[in-house]
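> Guided by the hints, dock chain B onto chain A, whose structure is given.
Protein chains: 2
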Amino acid sequence: MSQPTSPRTRLRPDQRRAQLLDLGVGLLATRSLDELTIDLLAEEAGISRGLLYHYFGNKHAFHEAVVRRAVDDLVEQTAPPAGGEPLDRLLASMSAYVDYVAANHEGYTSILKAAQGGNEALRGLYDEALASLTDRIFTEDAQGELIADTPAARMVVRAWAAMVEQLVLGWVEDPTTMTRDQLLATVTGSLPAVVSLG
Amino acid sequence: MSQPTSPRTRLRPDQRRAQLLDLGVGLLATRSLDELTIDLLAEEAGISRGLLYHYFGNKHAFHEAVVRRAVDDLVEQTAPPAGGEPLDRLLASMSAYVDYVAANHEGYTSILKAAQGGNEALRGLYDEALASLTDRIFTEDAQGELIADTPAARMVVRAWAAMVEQLVLGWVEDPTTMTRDQLLATVTGSLPAVVSLG
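Residue numbers (full-length UniProt numbering), protein chains in the order written: chain A, 1 to 198; chain B, 1 to 198.
Any given hint could turn out to be false.
Unchecked claim - One-sided and incomplete, this derived list gives chain B residues near chain A with beta-carbon spacing under 10 Å:
| id | residue |
| --- | --- |
| 1 | LEU51 |
| 2 | ALA161 |
| 3 | GLY170 |
| 4 | VAL187 |
Stated by the list, open to error - What follows is a list of derived Cβ distance ranges for each label pair:
| id | chain 1 | residue 1 | chain 2 | residue 2 | range |
| --- | --- | --- | --- | --- | --- |
| 5 | A | ASP72 | B | LEU169 | 24 to 30 Å |
| 6 | B | ASP149 | A | GLU120 | 40 to 46 Å |
| 7 | A | GLY144 | B | LEU169 | 53 to 59 Å |
| 8 | A | TYR53 | B | ASP149 | 51 to 57 Å |
| 9 | B | ALA61 | A | ASP14 | 51 to 57 Å |
| 10 | B | ASP149 | A | ASP39 | 15 to 21 Å |
| 11 | A | HIS60 | B | ASP22 | 27 to 33 Å |
| 12 | B | PRO151 | A | SER32 | 36 to 42 Å |
| 13 | B | ASP73 | A | SER196 | 29 to 35 Å |
Unchecked claim - Lysine to aspartate or glutamate pairs mimicking EDC-like chemistry, simulated, CA-CA at most 20 Å apart:
| id | chain 1 | residue 1 | chain 2 | residue 2 |
| --- | --- | --- | --- | --- |
| 14 | A | LYS113 | B | ASP127 |
| 15 | B | LYS113 | A | ASP39 |
| 16 | A | LYS113 | B | GLU128 |
| 17 | B | LYS59 | B | ASP14 |
| 18 | A | LYS113 | B | GLU35 |
| 19 | A | LYS113 | A | GLU64 |
| 20 | A | LYS113 | A | ASP149 |
| 21 | B | LYS59 | B | GLU35 |
| 22 | A | LYS59 | A | ASP39 |
| 23 | A | LYS113 | B | GLU120 |
| 24 | B | LYS113 | A | GLU165 |
| 25 | B | LYS113 | A | GLU128 |
Treat the hints as calculated values from the structure; they're not laboratory data. Just so you know, even glycine gets a beta-carbon here, dropped at the ideal spot from N, CA and C.
The following block holds chain A by itself, in its conformation from the complex (with noise of 0.2 Å):
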């Protein structure tokens, strides 16, 4: 990384697999995993279909390894900030997450179908990434400010969180229903009022 590269020619192998994974990524935002084959990649990226084949084997290895990067830039832009109220931490992250959703619809809805649908490596993806999430809610909380790690909160939590995915694609499908505000208040506030019901 000393100098600038010529984006075509001078890219090593690792760097050039990650630049069209991160093409890949883009691709799938507005469209499924179906609509994302190896000849859109290769038509979007100037190169041989041959060359994709090399990068990443079928066309199977080649949906998971977008799907994992997907999943990877999901969980990290939705971080929470690193200071302030657990409340307000939240709602930073979930308001990341309707962004999120609403730039990536189709690619998301469809990943979601094929994870629900029995395609068990998209369906391990899918669970570390609910996972990865889940669990982040109690580590970014570890003094139990707004809710307390019990095994009866872990599970509301998976809980409330296919509440929330279904309702953030609902607010995406039709915004007319609330605001954003309300979206955003719904799905916030609604995590410590359901742990604390139990």
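Just chain B now, kept in the frame of chain A:
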């Protein structure tokens, strides 16, 4: 229905079909859809596979008929009592739902998986059931004592139902996480709590 009939020989075809469906629903309680084969039903009913094909056409139609009957049972068994406070009636309905999921766990999860996994007929039945159960929240509370009927509340109730399903399935799979009363307090109390946040 004017006289008692022998259960094996005097039933009309529609009665015999209904009886076979009852048997299928009962078998599905502790088995997945995949395990609910025409062979199994034939063996349990003591009749020929040929006769079962005569009643149901093929395995998919048989599964659809059984799931339709199971869904009708679920909606009927979880109907709230006629009188009482709205929250008490919801509690009674949720209590029946918990019992239903506990008694029919294998079949319930396999129907859910099939519906999510792209079986369009079962998806349709699942969506119908979900719509019946969530619409009923509003028709049973026509005065809006518990929640006012707005597009936002409808969307939140759909998302709340996803949380309830996830939480009840999680609890049935590991009932040590909280007491049944804690579960019921959470799923019931969360409805007005979450709707009020938006």
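> For each hint, tell me whether it holds in the structure or not.
Cross-check of the supplied hints:
Using the Cβ-Cβ criterion of 10 Å, the hint placing B/LEU51 at the interface with chain A is not satisfied: the shortest such distance is roughly 32 Å. Restraint check, B/ALA161 versus chain A: the minimum CB separation of about 8 Å is within 10 Å; hint holds. The closest approach between the C-beta of B/GLY170 and any C-beta of chain A is roughly 5 Å, which is under the 10 Å cut-off, so the hint is satisfied. Contact between B/VAL187 and chain A, as hinted, is supported at the beta carbon level, the nearest pair being about 9 Å apart and thus within 10 Å.
Between A/ASP72 and B/LEU169 the beta carbon distance is about 28 Å. The supplied range of 24 to 30 Å therefore holds. Separation of B/ASP149 from A/GLU120 is about 41 Å and conforms to the stated range, judged on CB atoms against 40 to 46 Å. In this structure the hint that A/GLY144 and B/LEU169 lie 53 to 59 Å apart at CB is violated, the actual value being about 26 Å. Take A/TYR53 and B/ASP149: their Cβ atoms lie about 55 Å apart, and the range 51 to 57 Å holds.
Checking the proposed 51 to 57 Å range against B/ALA61 and A/ASP14 shows it holds: the Cβ atoms sit about 53 Å from each other. At roughly 48 Å, the beta carbons of B/ASP149 and A/ASP39 sit outside the given window of 15 to 21 Å. Taking 27 to 33 Å as the suggested C-beta distance range, the pair A/HIS60 and B/ASP22 does not conform, at roughly 43 Å. Judged by the Cβ atoms, the range 36 to 42 Å given for B/PRO151 and A/SER32 is violated: they are separated by roughly 27 Å.
Between B/ASP73 and A/SER196 the beta carbons are some 34 Å apart, a value that agrees with the proposed interval 29 to 35 Å. Between A/LYS113 and B/ASP127 the alpha-carbon distance is near 15 Å, which keeps this suggested pair within the 20 Å criterion. For the hint pairing B/LYS113 with A/ASP39, the CA-to-CA distance comes to about 31 Å; that exceeds 20 Å, so the pair is violated. A C-alpha spacing of about 19 Å is found between A/LYS113 and B/GLU128, which places the hinted pair at or below 20 Å, so the restraint holds.
For the hint pairing B/LYS59 with B/ASP14, the CA-to-CA distance comes to about 18 Å; that is within 20 Å, so the pair holds. A distance of roughly 24 Å separates the Cα atoms of A/LYS113 and B/GLU35; the hinted pair therefore is violated under the 20 Å criterion. Between the alpha carbons of A/LYS113 and A/GLU64 the distance comes to roughly 14 Å, so the proposed pair stays at or under 20 Å and holds. Distance check on the hinted pair: A/LYS113 and A/ASP149 sit about 31 Å apart at the alpha-carbon level, beyond 20 Å; violated.
Straight-line distance between C-alpha atoms of B/LYS59 and B/GLU35 comes to about 11 Å, which keeps the hinted pair within the 20 Å bound. Taken as a hint, the A/LYS59 and A/ASP39 pair is honoured in the structure, with Cα atoms around 10 Å apart against an allowance of 20 Å. Between A/LYS113 and B/GLU120 the alpha-carbon distance is near 13 Å, which keeps this suggested pair within the 20 Å criterion. The suggested pairing of B/LYS113 with A/GLU165 holds, with an alpha-carbon distance near 18 Å, which does not exceed 20 Å.
Of the pairs offered as hints, the one joining B/LYS113 and A/GLU128 holds, with about 19 Å between alpha carbons and a cut-off of 20 Å not exceeded.
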